[in-house]
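Student: The chain contents come next:
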Amino acid sequence: MTDATTAAAAGARRPTTAASQDRPSRMSSSFRTPSAIPGFGLTYGFVWFYLCLIILIPLAAVVLWAGSLGPARLFALATEPRTLAALRVSFGLSFAAAALNAVFGLIVAWALTRYSFPGKRLLDAAVDLPFALPTAVAGIALSAIYAPNGLIGSIAPFKIAFTPLGIFVALVFIGLPFVVRTVQPVLADLDRELEEASATLGARRPTTLLRVVLPTLIPALLTGFALAFARAVGEYGSVIFIAGNIPYVSEIAPLLIIMRLEEFDYGAATAIATIMLAISFLMLLAINLIEAWSRRRLGHAR
Amino acid sequence: MPADAPAMRLDSPTAESPAARFAITVIAIAFLGFFLILPLYAVFAEALRNGIAAYFESFEDPDTIAAIQLTLLVAVIAVPLNIVFGLAASWAIAKFEFKGKSFLITLIDLPFSVSPVVSGMCYVLLFGANGYLGPWLVKHDIQIIFAVPGLVLATIFVTFPFVARELIPLMQEQGTSEEEAALSLGAGGWRTFWSVTLPNVRWALLYGVLLCNARAMGEFGAVSVVSGHLRGLTNTIPLQVEILYNDYNFVAAFAAASVLAGLGLVTLAIKSGLEWRYGDQISAAHRH
Amino acid sequence: MELKIRNLRKEYGAFPALNGVSLDIRSGELIALLGPSGSGKTTLLRAIAGLEVPDGGQILFGDVDALGRRVQDRNVGFVFQHYALFRHMKVFDNIAFGLRVRGRDRRPPEAHIRKRVLELLDLVQLNGLEGRYPAQLSGGQRQRVALARALAIEPKVLLLDEPFGALDAQVRKELRRWLRQIHDETGHTTVFVTHDQEEAMELADRVAVLHKGDLQQVGSPDEIYDEPANPFVYAFIGDSTALPVTIERGRAMLDGAPLVLGPVDAPEGAARVHVRPQDVRLADESESVVSGRVMTLRRSGQYRRVDIAVGERHTRVEALLPPEAEIAVGDQVGLAFRRFAIFPEEKEPPKLGLAREAKAA
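Residue numbers (numbering that gives the first Met the number 0), protein chains in the order written: chain R, 0 to 301; chain Z, 0 to 287; chain V, 0 to 360.
None of these hints come from the bench; they were simulated from the model.
Note that beta-carbon positions come from the ideal geometry of N, C-alpha and C, so glycine has one too.
Treat the hints with caution; some may be incorrect.
Computed footprint of chain R on chain Z; a stretch qualifies when at least three of its residues, placed anywhere within it, have a C-beta under 8 Å from a C-beta of chain R [stated by the list, open to error]:
#	segment
1	33-45
2	107-117
3	120-128
4	143-156
5	205-219
6	250-260
7	265-274
Not close to chain Z: a few residues of chain R, all C-beta gaps over 10 Å, as computed [as the list claims (entries may be wrong)]:
#	residue
8	Arg72
9	Phe90
10	Ala98
11	Ala131
12	Pro163
13	Thr206
14	Arg210
15	Ile217
16	Ser293
17	Arg296
If we strip away everything but chain R, and leave its shape as in the complex, we get (with noise of 0.2 Å):
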């Protein structure tokens, strides 16, 4: 369970962290700001000490490895034609499935944040279920009902389970809080005064929910489309039960990396994990440039 927070967080964290550093301060000749506050001297070097060994050295290790290998080599790896389908397997599926979830995702937040019906405080907790099920749990529950004897494979006119379509459903599945999450936030906030504003005007309510709230929340929604894709990316448990992994054809990304390590070839491996590693690290670029730009252009103030 996990990424809960990605998502909220997007939305709600980084103002704070972007208010604390519009903060007027008087460091700008000193590294710290002096405080009567005991403590940022052991804090602050733990919090280093403890980053370097758990995550940023091994994490440069990956680096260090495809350096050693040389652009050539790392090139030809990572262009090898297996490689190349399961790369497109897992971002062409990936990027559907956000594209689905950014569309089902919007109908899903409005319902919850706009409309009364039985069981809403319900299905609202239960958004949070596929960072609160663990994957390997969500990918068998995913393959038993899509498999062709299943719930739904059985009456499903085509296969769905060991097919990419199958892929698809569980990246659904695992991206679906995201754009949620995401949106749900920005939806409350919303003035109700624009949608008033824009009836009095002569606008029909089609009108006003495509050219005044959809506007508002299109950063909302690209912010949820890239957290959802680069998850989606990333993803292994739910995927590989359903997935039948099938080279060229329903093989995905991560599962080739772990083909490849457990054959000792570490080569291959860091080369399909440094590609992406580079499109995720994109990803959190273009969110944060995703919010930096509708914080400029749209303003806090009303």
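Go by the hints and put chains Z and V onto chain R.
Tutor: Frame of chain R, contents of chains Z and V only:
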């Protein structure tokens, strides 16, 4: 004189028509039911497929028992370490102004943007037989990969930000005035932390620990890379689920999975309870 | 456009927001709806716009029943307290919005829209800012854009909900003058809601005072101030003192002693004499209404604010006296009232404290 009733009843001008409202609600419920409720139901239905006796029988498998014990062991090591880290990080970040703060926050969030498989792979490159430190470890007969230390490290990696990211925004919101008041009244640093700061963030801390623990016990991708799948030795519950499933022992696989699903549901219930009850004391991120 | 409101009712749960309000608004006038919060003034405004659906009554735009029409079809210009500008649209697109969302048959060509928007920008004195986003404007500028946007659709009536409530005092004063000017130039029938009596008095042709969902009084600022129709208006508008008296055989008795007011036209029983501080003056024994002892003296602007205790129970009477008045604390003085009103004691006396608080807010 029809002066009393409006000529016709009109709905609120800023609401959709009842038909649209109904359609949107139905689509939302159907989508969530289809993708969320159904898989959850499937876990328990499959686990109980052969009756309650078969369900409990599957927990007599020594490998499953070992997996449960190992999962608890890993969580007991990983979660407290991340709590200590979370408290230290939030103290340093929220109570002080220093250069590079937002960069540090980004670094703390980093594990969330790394695929779990890549997280596990980092340690293989470091400690694996062919890794940077592999030969040295072999010489000194220290096993990290395909052993418990590797599982612990991978678990710490993927659960790294959970506690910190709950505490940092809340403590930033709360500012430093209460700590300064305590210090001015003569309290020491530790005393201030224990009796002023910690009580103020206790629900957020619980929230973070809950999420951290659930992920630690349920992590699959990262531990899958470093575990080696040695039955009874390096399999946590999720890995045991995979093995049982691949052995076509579906009832046992889903029975083990149901334990994790139950843990997830309990976590979700407490989490929702905390959000409803103490939303204002958790952090701005969860008020919805 | 002339507006007729007939017996309009609206309840929120058990709380009556409008208690059968009837009000005629003349074509081209600028009328203020004034009252404390919870008085129903905003509900009335929103009902006129069509943002609120009343439970009963009638709203006529000229001779047309407006309640049968949706807000989109009423053609009203509505200005919100917090501007409600579309943040993702530039100033130009905000103002053009109402014209662009019209049905194809009624939508003017883009060149006309452009001309109209630029005219409006000129009217609200924001030339050259059409390319800005609302976030790049000051509060006063935003409210002017909001007004231009409302005017763009050539509304039958202009409705403003506390239009200056979110602005600071200086800007508020400026915009007030400017709104009056725009109103006089364009001649729109304009209704605005305010809780600020100074704003209502300065700006409006007529003021409608509301309290607890009931219309208390409608009249010109002079009428409202000089001839309050009831104790609530007396207490809510301006300062006043209320002396508790008993009417006995046509005379007002304060703690058993008569006030020298001449014959009083009020029913027998408990009543209150309302008098404004500036209508209290010092008088010698022959013409004084009542006498009392000076309790406090304070300088307040060009006046001296004096509290005088009268009657056995030392009821406080406030007076604004010229600074040259020669009195000191403890003096026994006689008081005369230039203007006053007597209202019988209501079963439920108006909550003066609350009304004052709302006024100050």
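Student: Against this structure, judge whether each hint is valid.
Tutor: Status of each hint after checking the structure:
1. 33-45: Three-residue rule met by the segment 33-45 of chain Z, so holds; n is 9.
2. 107-117: Coverage by chain R holds for the segment 107-117 of chain Z (11 residues, Cβ < 8 Å).
3. 120-128: holds (count 8)
4. 143-156: holds (count 3)
5. 205-219: holds (count 7)
6. 250-260: holds (count 5)
7. 265-274: With 5 residues in contact (Cβ-Cβ under 8 Å with chain R), the coverage given for the segment 265-274 of chain Z holds.
8. Arg72: 16 Å, holds
9. Phe90: At roughly 12 Å from the nearest Cβ of chain Z, Phe90 (chain R) sits farther out than 10 Å, so the non-interface label holds.
10. Ala98: Check passes; 14 Å lies beyond 10 Å.
11. Ala131: With a cut-off of 10 Å, Ala131 (chain R) comes too close to chain Z, as the shortest Cβ separation is near 4 Å.
12. Pro163: Answer for Pro163 (chain R): holds, closest chain Z Cβ roughly 17 Å.
13. Thr206: Consistent with the label, Thr206 (chain R) stays out of reach of chain Z, its closest Cβ about 13 Å off (over 10 Å).
14. Arg210: 14 Å, holds
15. Ile217: Holds, because the least Cβ-Cβ distance between Ile217 (chain R) and chain Z comes to about 19 Å, which exceeds 10 Å.
16. Ser293: Holds, because the least Cβ-Cβ distance between Ser293 (chain R) and chain Z comes to about 17 Å, which exceeds 10 Å.
17. Arg296: 21 Å, holds
Violated hints amount to a single one, hint 11; each of the other numbered hints is respected by the structure.
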